[in-house]
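Spelled out, the chains give:
Number of protein chains: 2
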Amino acid sequence: MTLSEALPKVLDRIDADLDKSLERLFAFIRLQSISTDPAFAGQCKATAEHVAKELKELGFDPKVRPTKGHPIVTATSPGGPGPRVLFYGHYDVQPVDPLNLWTTPPFEPRIEELPGGRKVIVGRGAADDKGQIMTFVEACRAFKAITGALPLPITMMIEGEEECGSANLFSFVRDNADEFKLDLGLVCDTGMWDRTTPAITTSLRGMVYEEVTLRCADRDLHSGLFGGAAANPIRILARIIAAIHDDNGRITIPDFYEGVAELPADIKADLKALDLRPEDFLGQVGLKVSAGEKDRMLIEQISTRPACDVNGIIGGYTGEGAKTVIAAQASAKISFRLVGDQNPDKIRDAFRSFVKERLPADCEVTFAGHSGSPALQLPYDNPSLAKARAALAEEWGKKAVTIGSGGSIPIVGDFKRVLGMDSLLVGFGLDDDRIHSPNEKYDLTSFHKGIRSWARILASLAN
Amino acid sequence: MTLSEALPKVLDRIDADLDKSLERLFAFIRLQSISTDPAFAGQCKATAEHVAKELKELGFDPKVRPTKGHPIVTATSPGGPGPRVLFYGHYDVQPVDPLNLWTTPPFEPRIEELPGGRKVIVGRGAADDKGQIMTFVEACRAFKAITGALPLPITMMIEGEEECGSANLFSFVRDNADEFKLDLGLVCDTGMWDRTTPAITTSLRGMVYEEVTLRCADRDLHSGLFGGAAANPIRILARIIAAIHDDNGRITIPDFYEGVAELPADIKADLKALDLRPEDFLGQVGLKVSAGEKDRMLIEQISTRPACDVNGIIGGYTGEGAKTVIAAQASAKISFRLVGDQNPDKIRDAFRSFVKERLPADCEVTFAGHSGSPALQLPYDNPSLAKARAALAEEWGKKAVTIGSGGSIPIVGDFKRVLGMDSLLVGFGLDDDRIHSPNEKYDLTSFHKGIRSWARILASLAN
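In order, the protein sequences belong to chains C and U.
Start counting the first sequence at 1; every next residue gets the next number (the working numbering).
Start counting the second sequence at 1001; every next residue gets the next number (the working numbering).
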C-alpha cells in the first residue's frame, strides 16, 4: 500500500476514532501538570509517565528523562525512509487561578456547545499544549493502525517546563545534540489565521532587551536651586528615546536594518490578501490606528518587520502630588524585536553606541543586557514548507498562509543554532482559546481537523 | 539729632551691646518651637509670647494672634515719617532629628570657634530664622536706645508655621489686608552671596507644576504580539518631553518667553562680575558643565531665566529584569520655573496645547495641575533697592549684589498680590549654615554685621 493509497484510509480511521481520541485527550487533561507550582511536581512526573505510556503503545521507545526540574519525555520510532523529524511539545500547563472564574473545574475536561453549534473542549491545557500535542499523536496512531508503521522516522521531545521558561531544556538539547540532530523540527504550539484558514508560522521575531540607566548629579537636587543649569537625566533619556524613531516610525540606529530582507512577492501578496485591519486587530485592545512604520502593512509591522519598544521607564518623584526634584538618575527598559538575519550582538552594540553618542557632559550611562536572540526564519524555499502548505490546503479547502509570530519560542532557536535544523510550526489554536486564562478551550474542529492535517502533512513530507 | 548724626552712635551701641544681643538670641533659641510636631505646640505658643514680650520692651504694641495652627505675633511701633515697613520673619524652627548627629543639644545654643578663628552660633534656629529675625530686632533696639524712637514706622509679623507651609498665614494676611497694606515689606530669611559679599534677593522664580498622563491601549499589551503597531505611551511622552527644549536649551513652547525681560545692563554686569563658575556651583553635586540655555551665564540660568524640568516619570514595567510589555499608560511630572511677568495660567495653557498638538491617534491625555504662582521681581528702579544697596555697601565695604532665588517664598507673593507691596529681601545666611540639618549655625559676623546692616538700611530708607 503506497502512502497515497493509505492516506484516505488513515483519514477515515481518524474520523471513526474521534471519540476515543477525545477520551485520550481528556485523560491527559485530567493530569494536573502545573509546572510552576512545586506542589504539583508529583503530578508533572505522573503526566510524563502517562505520555511515555501512550507513546509506548504506538511502538515508540519512550524514556522519562530526569532534569533538575520536571522530566522530559523522549521517544523514537522508526518509519519510512525520511526525512527524520523531531516533534516538540510540552505536557505542562499554566496555573489555574483565579479558580472562581472557571465555569467548571479546570481539570475536568468537557465538551461545550457554543451558540451556533460550535463545539469546544474546555479544560486547562485543552489547547496549550495537550490538545495540540494530541493532534500529532493521534495522527501517528491512525497511521500505525492502517499501515502498521509511521510514514517517516519520528522522535518525540515532550517537555514539562515550557510554562516556566524551559530552564532545563536548553542544556538537555545541547548535551544530547547528536541524538536530536535530525532533518526537520515539527512544533504544534501555534495558531491558525482564523477558524477556517490554516497557517504555518514561518518566522519568529528575535529579541534584544536592554536596560539603560543614566546618572547625572551625585544626589537628587532641588529644582528651584539647580533648575535651568543641572543636567536632568529624565530629559536626556527622553531625548534619546525620542531619537530612536523618525517621523515615519523607522528606527534610526545606524545599520539597524542590516539583515532585514523584503518579503518574496508571493508571500507579501498572500499577507496582503489577509487584509488584517487595524480596527479589527488593534480594536480588541482599544486602539484604532497602526502606529508603526508608515509604509508597511499592519501584518508586517507585527510579524515580519523589526520593532523597538520602551517597556518601562522610571525616574525622579513618582508619588502623589508635586515634588520639585531633579533626579540623580533615570532608567528605561528598551527592547528590540528582530527579524531575518539581524544580529542581536551587533544591534546591542549599535544601540549602546547610539545612546553614548547622545550623552551630554555630566551624564553617565550603564547598560544591563537582559536577553538576546536572533529571529528565526524558515526559508521560504524550504521544500517541507510547500509540502505542508499543500497538505493543509487539501484538508481545509483553503490556502494555508505563512505568518510571522511577533513573539519568540526560544527552543526553536536552539533547534536551529544547536542542531542546525529548521522547524515547521503548524498549530490549530485560535485567538479566542483563552490559553493561560480561565475556561481555556480548544475547538473540536481544531482537534479533529488538526489530527487529519498532521496525517496529511506526514504523508506529504514522506513523499 | 538727625539720622545721619545718630547712625554712628547707633552702630557703636550695637557693637557695645553685642554680648547682650547674643544672650537675647540664645534665650530665643532655647525655646523649642518645632512647628511640625504637635507635641511642641505649647513651646510654639511660649515662643510667640516671648517674641511679643521682646517687642513690647521696644515700644511696640504686640498681639499674639491665634490661628487654626500656631499664633502669629504682630506689633506696630510709630517712628519717623516713613516709609511704613512690614517686617516678616518666623519664630518656628525645623525638627532636630537625627538628634545623634548634633555635636551638642540643638536647643542649647553656644559659640563655637572654627579653625582660623571664625566664630559661629550653633543651635536649631540660629540662622533660620531666629538669628536673622534678631538682626532686625537688635537694630531697632539700638535706635530706640540712642534716639528714643524708630527711624520709620514699623509693623512686625512673626509667624510660627513657615517650616510647615505657612498654612494659616495666607488667609490671615488676606483677612487683615488693611492693617498690613503698608509701603514696603522687609524680609530677613535669605542669604549673602558669600561671607564677604552682601546680597539682596530681588527676584523669586514662580512655578507651574503639571502632571501629564498619557493613555493608549485599554490594557497592557504584549510587545511580541503588538510591538511595531500599537501606540506606546512612553515613546509618545518621551517625544513630547524631548520637544520642549531645542538644541540650545531654549524652551520651544509658543509664547513661553512672553514677559521675560532682559536684565538691565548694570545688573547683568554685576552678575557677571560674580563669576559664578559651573565647577564651583555644580561641582558640589558632582556636575561640571552648565546644561541650560547655551547663551546664558550660569547665574542667569538658575535665577533670572525661566526653566523647565521633568521632576518624575513612570510607565510600564519598572521591576527587576525584563518584561515585554507595552504599557497602557505613562505619566510625567513637569514643572516650569517662571520669571518676570510670565503668566502661570497662560503658560499652563500653552503647555497643555503643546502636549495635545503632539498626541498621535489612539492617545489620550489628562492633566493634573499641582501649583501655579507668578515670579516675583522687585523692580530694579524701586528706590528702596538703591538705598539698601548703598547701606550694605557701607557696612561690608563691598558692593551689594542683587540676586535671584531659584525657589519661592510664597508669602512674599501675597505681599505683592494681596497687599500691593514690594518686599526687600535682605539676609545674612551663608551656604554652609546647615539650616534644616544638624548643627545649624549662624556666623557671629552675620549676626553682628547683620544688625549693623539693618541699622544702616533703616536709616537709609528713612531718608
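The set of hints was computed from the structure by calculation and includes no laboratory data.
Using N, Cα and C, we set each Cβ at its ideal position, and we do this for glycine too.
Be aware that a few hints might be false.
Taking lysine-lysine and the DSSO-like style, the derived pairs with C-alpha atoms no more than 30 Å apart in a straight line are [unchecked claim]:
(1) K323/C to K1068/U
(2) K1144/U to K323/C
(3) K1288/U to K1268/U
(4) K1056/U to K356/C
(5) K288/C to K1323/U
(6) K1144/U to K356/C
(7) K1056/U to K1144/U
(8) K346/C to K1323/U
(9) K1346/U to K323/C
To give an idea of the interface, some chain U residues facing chain C are shown, with a C-beta separation under 8 Å as derived from the structure [claimed, not checked]:
(10) F1226
(11) A1231
(12) G1292
(13) Q1301
(14) G1312
(15) V1325
(16) R1358
(17) H1370
(18) G1372
Residues of chain C clear of chain U, computed beta-carbon distances all greater than 12 Å [stated by the list, open to error]:
(19) M1
(20) S303
(21) S331
Outcome of the hint check:
no. : hint               : verdict
1   : K323/C to K1068/U  : holds, 26 Å
2   : K1144/U to K323/C  : violated, 45 Å
3   : K1288/U to K1268/U : holds, 23 Å
4   : K1056/U to K356/C  : violated, 66 Å
5   : K288/C to K1323/U  : holds, 25 Å
6   : K1144/U to K356/C  : violated, 66 Å
7   : K1056/U to K1144/U : holds, 12 Å
8   : K346/C to K1323/U  : holds, 22 Å
9   : K1346/U to K323/C  : holds, 22 Å
10  : F1226              : holds, 7 Å
11  : A1231              : holds, 4 Å
12  : G1292              : holds, 4 Å
13  : Q1301              : holds, 4 Å
14  : G1312              : holds, 4 Å
15  : V1325              : holds, 5 Å
16  : R1358              : violated, 11 Å
17  : H1370              : holds, 4 Å
18  : G1372              : violated, 11 Å
19  : M1                 : holds, 44 Å
20  : S303               : violated, 8 Å
21  : S331               : violated, 8 Å
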